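Undergrad: Given the sequences, and given the hints that come with them, work out the whole structure.
2 protein chains.
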Amino acid sequence: MFFKKPVFILVRPQMGENIGTAARAMANFGQTKLRIVAPRDGWPNRAAEDTSTGAFDEMEPIKIFNTIQEAAADLHYLYAVTARPRGMAKDSFTPQEAVKNINATTGFVFGPERTGLENDEAALCHSILTIPSNPAFPVLNLAQSVSLIAWEIFKISDQTPGRTENRETAPQEIFDAMFTRLQTELEVSNYFKGEHLKPTMLRNIRTMFLRGQWNEQEIRTFQGIISAFLTRK
Amino acid sequence: MFFKKPVFILVRPQMGENIGTAARAMANFGQTKLRIVAPRDGWPNRAAEDTSTGAFDEMEPIKIFNTIQEAAADLHYLYAVTARPRGMAKDSFTPQEAVKNINATTGFVFGPERTGLENDEAALCHSILTIPSNPAFPVLNLAQSVSLIAWEIFKISDQTPGRTENRETAPQEIFDAMFTRLQTELEVSNYFKGEHLKPTMLRNIRTMFLRGQWNEQEIRTFQGIISAFLTRK
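Protein chains in written order, with the numbering used here: chain A, 635 to 867; chain B, 635 to 867.
Heads up, a few of these hints could be off.
Pairs involving identical chains hold if they fit within one copy or between any two copies, as the list cannot separate such chains.
[What the hints assert, rightly or not] Each computed DSSO-like pair below joins lysine-lysine, with the alpha-carbon atoms no more than 27 Å apart: (1) LYS638 - LYS867; (2) LYS827 - LYS789; (3) LYS724 - LYS867; (4) LYS734 - LYS697; (5) LYS697 - LYS639; (6) LYS697 - LYS638; (7) LYS789 - LYS734; (8) LYS724 - LYS827; (9) LYS638 - LYS789; (10) LYS697 - LYS867; (11) LYS827 - LYS697; (12) LYS832 - LYS639; (13) LYS789 - LYS867.
Hints in this document: simulated from the structure, not taken from any laboratory. Fair warning: this is a prediction, and the values are worked out from it, not measured in the lab.
TA: Here is the structure:
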C-alpha cells in the first residue's frame, strides 16, 4: 500500500513511554517520519525503545532538533495538534478532514504531555488540528493523538472491505437436500401438529437455518447431528 | 451528545497501565462501560488508576468477572477484537463498519497484551473485528485498539465541522478601501514600471492579499504597517 507520509513532530515530550507508544502506532499504520524537538530525557531513550516494540526498525531514523523551526524547516504546511481552542485567527480541522490534503511536506506538531503546545508554538503553524472529544474529559494521551491521526491517514489508502465473509455458503442444492431430509424426518416424527400449520412452520424453519449461511462442512455436521439423534438406541 | 454505548471487555489484561490508558481513551470519546475478566494483577489496580488520569470518575463502575461468559451474560452480540486471521468461519469487520450496527447490548472483547484472544475465546463471539494495519508491523497496543474503536463510535454522533474558520473575514468594502490605498501609495512610489503591466500586477497583488482572508483587525494592522513605512524619517 502507498501511504501519504507526512512528518510527525513531537515537541518537548516528557515520557519516553509516550514516544515509544507513539512510534509503535505510527508503524502500525505505515507512518515512518518522526522528528522530536528537545525531548526532556535526551535521546536515545531506553523507555521509548522498550515501548516501541521494535517500531523504530520500521521507520526512517528519528531526527532530533532543538526548535520547532529547525524541525519544520523543509516542511510547507504545519498543523498544530491541540485540544484547546485558542484565540488565534487560524482555521481548525478535524483529523479526518485534515488528512485529506496532506503530502510529504505536511507536518503534524504535537505538544508536551501536560501542557500541550504554547501559544507561540501553535502560532508557528498554519492551522489547528483538534481531535473532537468528550467535553467533560477532553484531553487525549499523546500517543493516542498520534495514533488517531496515523489511523485516519491509513484509512485513506486502505482497501480492506468493511465486512469479510470468511466462509463460502454451500450451494443451494446442498442446503435443499439437507432441508428435505430434515422435513421428511420431522414428518416421520410427527413433529407437525396439523397440515394447516405445516407450511408456515416449514417456512420459519427454513428461514432460521438459512440465516446461518452454513457452508458444506457445516451442513454435513448438521446431517451428522440428525443421524446421531435418529439412531440413538 | 448521545453516544451509542456498547460494552468494552478486557480479557486477562496484564499491565495496569494499559487498563488505565484504555479507560482514559474510552472516557475521551464518551464511552462508559468497561468490564474486565481476570485482570492479572487483581483489582483495584494502582497503575490503572494513575494512567487513567481520572477517567474512572467519568464512567460507570468497572465490573470484574472470572470468565468471558459471565462478563457477556447480558449481551446479545460480541465482536472478538483480534489482529490475527483465524481459520474460523466467522465474518470479520473493520472498526468503521462494525460500529454502524451497535447498541447497549453489543460487546467488544479484547485479549491480553501479548497473546491476544485464544481461539476458544474468539469462538464465543459472533464476529471478528480486525483493525487493518501495516502488514509488516501489525500488532496494536491494547489501549490503541480500544481507543480507535471508541473514536469510530464517537465520530458517528459527533457534529464537529471538518473545517472551522476561527475568524470573520472583513466585509469587502473594508478590504477594498485598504487595497485602494495600497494601490495609490504604490503609484506614488513608482512601483509599477509601466502602465501596460499594471493591470496584471494589481490583479496578482489583490489575489495574494485576498487569500489571507483578513478580518477587520488584520486589515487595520496592515494599514498601520503601510503608514509606518510611509512616515519613516
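Undergrad: For every hint, state whether the structure bears it out.
TA: Okay, the hints, checked on the actual structure:
1. LYS638 - LYS867: So LYS638 and LYS867 fail the 27 Å test inside a copy (67 Å) and across (52 Å) alike.
2. LYS827 - LYS789: neither (55 Å within a copy, 52 Å between copies)
3. LYS724 - LYS867: Classified as neither: same-chain Cα gap 81 Å, cross-chain 35 Å, threshold 27 Å.
4. LYS734 - LYS697: Cα proximity of LYS734 and LYS697: one copy only (26 Å, versus 40 Å across).
5. LYS697 - LYS639: Within one copy only: 15 Å inside a chain, 41 Å across chains, cut-off 27 Å.
6. LYS697 - LYS638: Classified as within; 19 Å inside a copy, 41 Å across copies.
7. LYS789 - LYS734: Both, since 11 Å and 16 Å are each at most 27 Å.
8. LYS724 - LYS827: neither (75 Å within a copy, 36 Å between copies)
9. LYS638 - LYS789: both (11 Å within a copy, 22 Å between copies)
10. LYS697 - LYS867: neither (76 Å within a copy, 47 Å between copies)
11. LYS827 - LYS697: neither (78 Å within a copy, 47 Å between copies)
12. LYS832 - LYS639: Classified as neither; 63 Å inside a copy, 42 Å across copies.
13. LYS789 - LYS867: neither (58 Å within a copy, 59 Å between copies)
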